[in-house]
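**Student:** All chains should be modelled from the sequences, with the hints used to inform the complete structure.
Here is what each chain is made of, one letter per residue.
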Amino acid sequence: MTSTDDLIQTLATSPRSSARQHRRRQGGMIALALGLSLLLHLGILGPRPDLAVVVAAPDFNLKILLLAALAAFSLILLRRVSTPDSALSPAVQRSGLLVLALTLLGSGSAAFMLRSSITPEVFACVFWIGLFGTAPLLSLLWLLRNAAPGHMAHATHLLALASWSCSTLAYTLHCNADLSLPAPLGNLAMLFFYLLALPLFLAAAHVLRPVFTRW
Amino acid sequence: METPVDDLSPSLLAAAIGGDGMAYAAVLHWSAGRLRRRFNRLLHSTHGIEAEDLVQETLLTVHAKWHTYDPRRPFAPWLMAVARHKLIDALRRQHLHLPLEAALDVAAADEAPSPDVPKLAPLLASLPEAQRSAITLVRLEERSIAEAAQQLSRSPGAVKLLVHRGMTALRRKVNP
Numbered sequence: 010m011t012s013t014d015d016l017i018q019t020l021a022t023s024p025r026s027s028a029r030q031h032r033r034r035q036g037g038m039i040a041l042a043l044g045l046s047l048l049l050h051l052g053i054l055g056p057r058p059d060l061a062v063v064v065a066a067p068d069f070n071l072k073i074l075l076l077a078a079l080a081a082f083s084l085i086l087l088r089r090v091s092t093p094d095s096a097l098s099p100a101v102q103r104s105g106l107l108v109l110a111l112t113l114l115g116s117g118s119a120a121f122m123l124r125s126s127i128t129p130e131v132f133a134c135v136f137w138i139g140l141f142g143t144a145p146l147l148s149l150l151w152l153l154r155n156a157a158p159g160h161m162a163h164a165t166h167l168l169a170l171a172s173w174s175c176s177t178l179a180y181t182l183h184c185n186a187d188l189s190l191p192a193p194l195g196n197l198a199m200l201f202f203y204l205l206a207l208p209l210f211l212a213a214a215h216v217l218r219p220v221f222t223r224w
Numbered sequence: 016m017e018t019p020v021d022d023l024s025p026s027l028l029a030a031a032i033g034g035d036g037m038a039y040a041a042v043l044h045w046s047a048g049r050l051r052r053r054f055n056r057l058l059h060s061t062h063g064i065e066a067e068d069l070v071q072e073t074l075l076t077v078h079a080k081w082h083t084y085d086p087r088r089p090f091a092p093w094l095m096a097v098a099r100h101k102l103i104d105a106l107r108r109q110h111l112h113l114p115l116e117a118a119l120d121v122a123a124a125d126e127a128p129s130p131d132v133p134k135l136a137p138l139l140a141s142l143p144e145a146q147r148s149a150i151t152l153v154r155l156e157e158r159s160i161a162e163a164a165q166q167l168s169r170s171p172g173a174v175k176l177l178v179h180r181g182m183t184a185l186r187r188k189v190n191p
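These protein sequence lines map, in sequence, to chains A and B. The letter at position 98 of the first sequence is residue 107 when you use my numbering, and the numbering goes up by one with no holes. The letter at position 35 of the second sequence is residue 50 when you use my numbering, and the numbering goes up by one with no holes.
Treat the hints with care, since some could be wrong.
Stated by the list, open to error - Restraint ranges, calculated between C-beta atoms of paired labels, are given here:
1) 175(B) / 223(A): 28 to 34 angstroms
2) 113(A) / 183(B): 35 to 41 angstroms
3) 183(B) / 114(A): 25 to 31 angstroms
Derived from the structure by calculation, the hints contain no laboratory data. Since we're looking at a predicted model, the values are computed, not measured. Beta carbons: idealized from backbone N, C-alpha and C, even for Gly.
**Tutor:** Here you go:
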C-alpha cells in the first residue's frame, strides 16, 4: 500500500466530480423517476377517459395534491439524507409519520364506509403501482448510489416513500376505479388501496438499498 | 507530512472546492492528520485494524464522495461522518462492534466548529443521573449488569432499562 502522502498526491491530481455536477445528476435522476412513472402508467395503461372532467372535482384534486406533496417532500428529504452528515430530525420524522397515519386513518375509514360498493378490481392498483414503481425505485437507487447516505434507515424509508408516491401519482391519472364508489368519499377510499402498495416498496428498498448503495 | 494548521482555513477549503489541486492536497493533509489522531485514539486496543489503513481508506472515500460535501456546512462534521462510516465498515469486517464511546466520539467530532456537534461529556451530563451512572458503569467502564446493579442498588432489569433509555437519548442528541 502506498504511503498516505503518496496517496494524497495521487488523489490531488485525479479528477473529482463537483457538487454542482452532483446536484445536476440528482435532479436528472428525480426527473427520470417522475418521467418514467408518467410514461409507464399513461403510456401503457393510458389516462382515465374522464380526466378532463375530474380535474375540476375537489376530491380528486385533494388526492392529487396530497400525493404530489408526499412525492415532493420525500424527494427533497431523500436528497438531503444522501450526504454523510445528514439525517432527519425527530420533528420531521414525527410529522411524516403523522401525515401517513392520518392519511391511512382517513382513507381507511372511507374504504370501510364504502365497503359494500368495493369490488375486487380496485386491488389492481396495488399490482400496477408496484410493477411500474420499479422504474422510479431504480432511478432513485441510482441517485443514492452516486451519493453517500449517512443514515441508512432514513435513506431506505425515504427511497420507498418517494418511489411509491411517484408511481402512485402517475397511476392516479389513469385510475378511474373511484367511479364505482359513491362521491365524495370514493377518491379518499382509493387512497387506502394505493397505500397497500407501500409495504412492497419498503420491502424492496430494504433488500436493494444495502446491495446497491454501499459506499 | 501534515499541514501544520489546527483549523482548516475557509479560503483553503473554498479553493479546494473550486478545483485548486494544491489546496485540495492541503485539505487532504489536514484531514489525514485529523483522522490519524482520531483513529489512533479509538483503535489502540482493537486488534486487526491499522489506523493508517483506515486513514487511507477514508481519504479514498473522501475523494470519491467529495461532491456530496455541501460548502454551506462545516467541513469537519462531514469528514467525521465519512470516518465513522469507514470505521463501522472496518469493524464489521473484523466482526467487531463499534463501542458506544467510539461511535459517539467519532460522530461528535469534538474539535468541529459546528455548535450542533457536541462533545460526549456534555451529552452524558445532560442525561438524568440514573441513566448517566448506568451508562458510565456498563458502557464506558465495561462493568457487568450485575455489578452495576449492585453499585446502583437497583435490579439488573432496571439497569438494563436505564442503559437502553440513556443510549436512545444519546443517539437522539448526536443525530437529532
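**Student:** Compare the structure with each hint and give your call.
**Tutor:** The hints, checked one at a time:
The beta-carbon spacing between residue 175(B) and residue 223(A), approximately 33 angstroms, falls within the hinted interval of 28 to 34 angstroms. Hint check: residue 113(A) to residue 183(B), Cβ distance near 26 angstroms, so the stated range 35 to 41 angstroms is violated. Look at residue 183(B) against residue 114(A): about 27 angstroms separates their beta carbons, and that is inside 25 to 31 angstroms.
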